[in-house]
Amino acid sequence: MAFPLPEPMRFALDQARAAGAAGEVPVGAVVTHEGAIVAAGRNRMRAARDPTAHAEMEAMRAAALALGTGRLDGCDLWVTLEPCAMCAGAAALGRVRRLYFGAADAKGGAVLHGPRLYGQPTCHHAPEVYPGIGEAEAGEMLRDFFRARRD
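When the letters of the sequence shown are read in order and numbered with the working numbering, they come out as residues 471 to 621.
These are calculated hints, taken from the structure and not from any lab test. Quick caveat, the model's predicted, so the values are computed rather than measured. Among the hints, a few may not be true.
Said to hold, decoys possible - Cut-off 20 Å, straight-line C-alpha distance, at most; resulting in silico cross-link-like pairs (EDC-like, lysine to aspartate or glutamate): (1) Lys577 / Asp543; (2) Lys577 / Glu610; (3) Lys577 / Glu607; (4) Lys577 / Glu605.
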């Protein structure tokens, strides 16, 4: 029996679809605080001409502005793809409470793969990590996106 996805992950998947429709790699992110969505983001690297405009960075920047703080204490980050080293590091520095993500990223991920950032002794804060939420839909979206570019 399949369980319905939590609202934040459904919204992150919507953000990923919008990114893909705009020609960006389809990754979306949402930040929640006290159970409410406070910010969302999607990949915008091409549109913004900014290599740091990953979905997670966009969502965390918007959340910090919305909450009027430089830290995201008590916030949860929902993202459709395992964060890279930059985004995982920003979540740690921002003191994100929990990280939920969909598809694992064996090539570019930094949470369960690559440097496994949160397990390093130099990582002073590690969010609780919950992988695999919405994994099938997020993974399919990414595979379809890259398949279309190879064909």
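For this session: Could you check the structure against the hints above and give me the numbers of any it violates, in ascending order?
Result: 1
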